[in-house]
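Read off the chains here:
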Amino acid sequence: MNSDDPLATESFQQLVVEPRLPEVLRFLGYPKGVFPPDPMKQSIEQVLTRALPGLEPRGTFSIYAVRAHTRRSLALGSETIAGNIGEFLHGASRVAVLVVTAGRGITELSTEAWGAGDSLAGWAFDAIGSWAAEAAADALTQQISSHLGADEGLTLRYSPGYCGMDLSQQRTIFGLTRPGSIGVSLLPSLLMQPMKSVSGLVGLGPRELVGVNLSPCDRCLQIGCHMRR
Amino acid sequence: MLPSYPPDDMHDFSKLQEAVLAGNSAAAVAAARQALSEGADPLDLVLHGISPAMAEVGRLFEAGDYFVPELLISARATKEVFVLIRPLLAKQGAQPTGRVVLGTVQGDLHDIGKNLVAALLEGGGFEVIDLGVSVSPEKFIAAVADKKAQIVGLSALLTTTLPAMKTTLDAFRSAGLRDRVKVMIGGAPVTQSFADTIGADGYGENAASAVQLARRLVGV
Numbered sequence: 001m002n003s004d005d006p007l008a009t010e011s012f013q014q015l016v017v018e019p020r021l022p023e024v025l026r027f028l029g030y031p032k033g034v035f036p037p038d039p040m041k042q043s044i045e046q047v048l049t050r051a052l053p054g055l056e057p058r059g060t061f062s063i064y065a066v067r068a069h070t071r072r073s074l075a076l077g078s079e080t081i082a083g084n085i086g087e088f089l090h091g092a093s094r095v096a097v098l099v100v101t102a103g104r105g106i107t108e109l110s111t112e113a114w115g116a117g118d119s120l121a122g123w124a125f126d127a128i129g130s131w132a133a134e135a136a137a138d139a140l141t142q143q144i145s146s147h148l149g150a151d152e153g154l155t156l157r158y159s160p161g162y163c164g165m166d167l168s169q170q171r172t173i174f175g176l177t178r179p180g181s182i183g184v185s186l187l188p189s190l191l192m193q194p195m196k197s198v199s200g201l202v203g204l205g206p207r208e209l210v211g212v213n214l215s216p217c218d219r220c221l222q223i224g225c226h227m228r229r
Numbered sequence: 001m002l003p004s005y006p007p008d009d010m011h012d013f014s015k016l017q018e019a020v021l022a023g024n025s026a027a028a029v030a031a032a033r034q035a036l037s038e039g040a041d042p043l044d045l046v047l048h049g050i051s052p053a054m055a056e057v058g059r060l061f062e063a064g065d066y067f068v069p070e071l072l073i074s075a076r077a078t079k080e081v082f083v084l085i086r087p088l089l090a091k092q093g094a095q096p097t098g099r100v101v102l103g104t105v106q107g108d109l110h111d112i113g114k115n116l117v118a119a120l121l122e123g124g125g126f127e128v129i130d131l132g133v134s135v136s137p138e139k140f141i142a143a144v145a146d147k148k149a150q151i152v153g154l155s156a157l158l159t160t161t162l163p164a165m166k167t168t169l170d171a172f173r174s175a176g177l178r179d180r181v182k183v184m185i186g187g188a189p190v191t192q193s194f195a196d197t198i199g200a201d202g203y204g205e206n207a208a209s210a211v212q213l214a215r216r217l218v219g220v
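Residue numbers (our numbering), protein chains in the order written: chain A, 1 to 229; chain B, 1 to 220.
Treat the hints with care, as some may be off.
Which residues of chain B face chain A? A few of them, derived with a C-beta cut under 10 Å, are [claimed, not checked]: (1) R86; (2) L131; (3) S134; (4) P189; (5) Q192.
Calculated Cβ distances over 10 Å to all of chain B for the following chain A residues [claimed, not checked]: (6) V16; (7) G29; (8) P31; (9) S43; (10) E45; (11) R71; (12) G91; (13) S93; (14) G122; (15) A124; (16) L148; (17) D151; (18) L167; (19) G180; (20) P188; (21) M195.
It should be emphasised that the hints constitute simulated quantities derived from the structure, not laboratory data.
Glycine included, every Cβ here is placed at the ideal spot set by N, Cα and C.
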């Protein structure tokens with residue numbers, strides 16, 4: 001085995017995501033704990049029912065031993081990822097590189113709804129797609145946790161463009177795993193296709209070290225971000 | 001706070017305002033029909049019915065009492081009323097609030113923010129020419145010239161496609177059209193600083209503020 005090869009690679013063509021209205025509402029723009037009254041709540045629930053058959057959550061990950069890291073870099077396989085991610089994943093002995101998608105169908109539903117003049121459904125389908133991509137990432141992270149040893153834990157998940165990694169690192173992440181196995185590709189603009197897709201890194205390591213990871217949200221000025229942790 | 005009517009005002013638009021606030025399209029159209037049947041001037045429906053209601057919707061959004069879904073259903077209600085009264089307004093020679101060409105810049109396929117702004121602008125009485133996604137500078141220029149738009153709105157959701165906003169503005173300058181159109185920009189990675197750097201006329205932090213900006217840019 002080449003030392004640049006991943007320790008493990010897995011792909012899942014059907015991740016299980018369970019919609020919970022409070023989570024979906026956050027992606028629709030409602031703050032945590034705020035529920036719209038009827039009839040809005042009913043309208044949203046109806047759109048959610050229509051959305052579920054359009055979701056195709058899939059994911060893939062590859063786990064690498066950390067070859068080297070500094071506060072501003074992280075070396076995995078033959079690649080080096082630049083940014084504060086080196087600091088955020090301090091303590092991790094291995095890193096899972098992941099890509100997930102909610103599939104094309106939900107974006108098509110959104111586009112059709114906007115085109116038909118149903119802006120609420122268009123907005124809601126898009127938000128549900130965003131929720132589903134994050135839910136798929138959570139489901140894949142559960143699968144990653146099966147690779148933990150005794151007294152090991154996972155770090156938070158970090159994505160390019162948000163968390164200590166410039167969006168340009170997307171190419172590096174795609175080179176470290178197998179997005180084609182789940183039908184995800186990267187455009188020259190670094191936009192993933194299907195659009196409702198998420199990529200990122202999760203660290204694996206001793207629980208007492210990875211449990212004290214910094215949250216990039218502590219440094220971020222976007223207070224109203226629905227992704228805030 | 002919605003305006004109350006002086007005692008000698010013949011037309012009470014409170015039903016229309018309430019329907020718009022509630023996002024009830026059917027009730028808004030019914031209230032508009034009733035007002036018209038009672039002799040209301042369609043322009044008054046806009047000035048005293050729709051506009052104050054949408055201003056209140058915007059205030060509720062800024063106050064954190066309304067959220068994007070509420071904005072959308074209110075805007076849809078006003079759009080339905082405009083469908084009803086636009087032919088009547090046209091007969092009077094009334095023009096739309098403004099004419100806006102919208103699009104996501106070249107290389108970017110995100111459309112949700114643009115769609116949201118389009119929906120709210122239409123709810124605010126603007127005529128919107130939506131060019132879609134990944135729009136070239138040439139296509140923006142052609143649409144502005146063809147439709148005699150007062151405003152062009154550029155959307156981008158990726159840091160990698162932000163430069164296309166400057167490219168588009170430069171193209172307007174090269175075409176000699178920069179002084180004939182107001183440029184507003186928006187999207188997650190966009191900042192006021194970036195807007196100032198590239199010489200845009202305004203930056204909309206969110207969809208609701210984009211509508212207020214558009215109104216300011218056309219001078220209403």
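Earlier hints that do not hold, by number: Checked against the structure, the hints that fail are numbers 1, 2, 5, 7, 8, 9, 14, 15, 18, 20 and 21, while the rest are satisfied.
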